[in-house]
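Peer 1: Here the protein sequences come in this chain order: A and B. Counted from 1, the first sequence has number 50 at position 51 by numbering that gives the first Met the number 0; the numbering is strictly sequential. Counted from 1, the second sequence has number 34 at position 35 by numbering that gives the first Met the number 0; the numbering is strictly sequential.
By construction, these hints were calculated from the structure, which means they are not laboratory data. C-beta: ideal position from N, C-alpha, C; glycine also. Please note that the accuracy of each hint is not assured.
[Unchecked claim] Label pairs and their calculated CB-CB ranges:
#1 A:S167 x B:Q143: 40 to 50 angstroms
#2 A:R148 x B:R14: 40 to 50 angstroms
#3 B:R290 x A:V105: 31 to 41 angstroms
#4 B:V3 x A:E153: 16 to 26 angstroms
#5 A:L103 x B:R290: 44 to 54 angstroms
#6 B:T295 x A:S154: 28 to 38 angstroms
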Amino acid sequence: MTYNHLAYFDGLQIGQHVINSVGSVASAEIHMLAYLSCLLSLYRQQPVSLWGYQFAVTRENYPFASDLQAGIDTLCSSGYLATAEGYYSITGRGQAELEALQSLNVYQERRAFIDGACSCLITLPISAIRRALENDPDIQPATAISQSRLLFSESGVQTLYDHFSALSDAIDVHTDDLTIPAVVWVAFLAQLSEK
Amino acid sequence: MPLVIDPRHLQTFARDFYMVQVNRHYGTTGVRICYEIIEATKELFRHIEPELVTGKLILFKELPGIGVAPTRTNTVQYASIEFLAQDFRLLYNSSNTLISLEDNGSLVLSTGDNVEIESLSERGIVYLYEHQKDAVVVKGEFVQIPTLSPSLPSVFSIPTFRKLRDALEDYKRRLILTSRCKLFGQAWEGGQYGPRIFFVNSPESKIRDSLEQYLSATLGADTEVVPEFTVDESHPVDIRVSWMGNNRTALIEIKWLGKSRNEEGRITQDFSASRARHGAKQLAAYLDWRRVRGATDETRGYLVVIDARRYGLKPESTSVNRQNGLYFQSREIPYSPEFHKTRPDFDEPIRMFAEPTCSSD
Chain A
0 MTYNHLAYFD
10 GLQIGQHVIN
20 SVGSVASAEI
30 HMLAYLSCLL
40 SLYRQQPVSL
50 WGYQFAVTRE
60 NYPFASDLQA
70 GIDTLCSSGY
80 LATAEGYYSI
90 TGRGQAELEA
100 LQSLNVYQER
110 RAFIDGACSC
120 LITLPISAIR
130 RALENDPDIQ
140 PATAISQSRL
150 LFSESGVQTL
160 YDHFSALSDA
170 IDVHTDDLTI
180 PAVVWVAFLA
190 QLSEK
Chain B
0 MPLVIDPRHL
10 QTFARDFYMV
20 QVNRHYGTTG
30 VRICYEIIEA
40 TKELFRHIEP
50 ELVTGKLILF
60 KELPGIGVAP
70 TRTNTVQYAS
80 IEFLAQDFRL
90 LYNSSNTLIS
100 LEDNGSLVLS
110 TGDNVEIESL
120 SERGIVYLYE
130 HQKDAVVVKG
140 EFVQIPTLSP
150 SLPSVFSIPT
160 FRKLRDALED
170 YKRRLILTSR
180 CKLFGQAWEG
190 GQYGPRIFFV
200 NSPESKIRDS
210 LEQYLSATLG
220 ADTEVVPEFT
230 VDESHPVDIR
240 VSWMGNNRTA
250 LIEIKWLGKS
260 RNEEGRITQD
270 FSASRARHGA
280 KQLAAYLDWR
290 RVRGATDETR
300 GYLVVIDARR
310 YGLKPESTSV
320 NRQNGLYFQS
330 REIPYSPEFH
340 KTRPDFDEPI
350 RMFAEPTCSS
360 D
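Same shape as in the complex, but just chain A:
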């Protein structure tokens, strides 16, 4: 598989973020937070192709990116992520590697999206984020028929753009803090399960 440097960076950046909230992170959680980060790039009206890798929804109803998994595996074999009982944590070497990458312009914009997505963990438990994403308008149709398929189809992306445009209008006051739209979107999806 071709090495995807963006996925490699995302694995490290997410690993760094969660260390203070949940400590270690499961593979499925890394994929989920990366997906939420990608959604934030759509919130900013960026083309989904700019994210750099594709997501699919698995039969277990969670988003998955094979490039990201390859990145996680590379980070583990390089000693930048440690793994214990199926959970990953960033190592000291991983933090140094991340600091070096963070100085590069190519990662600045996506860093803001990842920061916004991971900052949801300040206000919401990680389990809530996962259950909320089951109601995501791009994920939910696939899970309703228990079928795995690629996410971010043309129609799916347009639906998301429309929802995020409405969300942006409602939030109204301009803010660079992407945590707000991330938390509002997740909380909104979560309450759909209560109905």
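Based on these hints, arrange chain B on the given structure of chain A.
Peer 2: Below, chain B alone, put in the same frame as chain A:
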């Protein structure tokens, strides 16, 4: 059927959302302070039980440049949340508890004062916890923070467990012992705040829903919690937990012990320790059946026993004294065979005693 999102509903939700309101009225500085308060609240709830807070719990931090703060009396300063929490446990029944976050990282605790929350919200960010609900007060208006699980008292008190056993031990201690879980409380005749000596008729679904909701909220995002998972045609297991990305699965069988009573006052079920032993055999049989059917996952069985036995209950009983109510509190159930000692796929049964409200005689 695909879910259709109404954009007007989304916009209304977003406009009313607490963080959006904070941003609108206090700007990015207010949002940053709101995060600080949330982090402090989460840390506080790691040390104290939010369910035990009977009055108002207020966390506050002033916006910068707001001017001289009004003087408060009866204040104590703490260097950390942990030290503050130790004293807070003595103050659960105070009418108002105000915790102010200072710029130097210290915390100031004051109690008993009549805190004017609305005027406080003109000076900074106010978080309020009252009646097991979270809110922020934005320029005098109370904005509810959405709850995520009816079985947990605060959205900021939800732990994340990586191990199922840890979650079950926490559920036993925090939610079942004194019936703090609202869902579990519905299984009692007279409800959560009743005498808690009889269950209602057929309480199984309420008990299962309580545990299922709790596990869904507190296990990591890599787990899937499914109620009433069918192992074979006639015997569903109460809950299945599976972990994504690997082949681990847990099957949870729930058995309740004690008595249930219907609306006519007739005892409908009376379950003793033998039911727990039967549950263990049932669970062992489920595990064998799965293995025979070629299941490739690594399955582990958990027997959860909700123990609501009381000594000397009669069909007409309306109360129980302390001696009879707590008679079974420490009486562990002997199992034979001891599957948890002989089978690697069978975890030690976990008995969760649920206390009654004892009368004084």
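Peer 1: None of the hints should be skipped; say for each whether it holds.
Peer 2: Going through the hints against the structure:
1. A:S167 x B:Q143: 40 to 50 angstroms: Violated: the Cβ-Cβ distance is about 23 angstroms, outside 40 to 50 angstroms.
2. A:R148 x B:R14: 40 to 50 angstroms: violated (34 angstroms)
3. B:R290 x A:V105: 31 to 41 angstroms: violated (51 angstroms)
4. B:V3 x A:E153: 16 to 26 angstroms: The hinted range 16 to 26 angstroms holds for V3 (chain B) and E153 (chain A), with Cβ atoms some 18 angstroms apart.
5. A:L103 x B:R290: 44 to 54 angstroms: Hint holds: Cβ distance 52 angstroms, inside 44 to 54 angstroms.
6. B:T295 x A:S154: 28 to 38 angstroms: holds (37 angstroms)
Checked against the numbered hints above, the structure violates hints 1, 2, 3; every other hint is satisfied.
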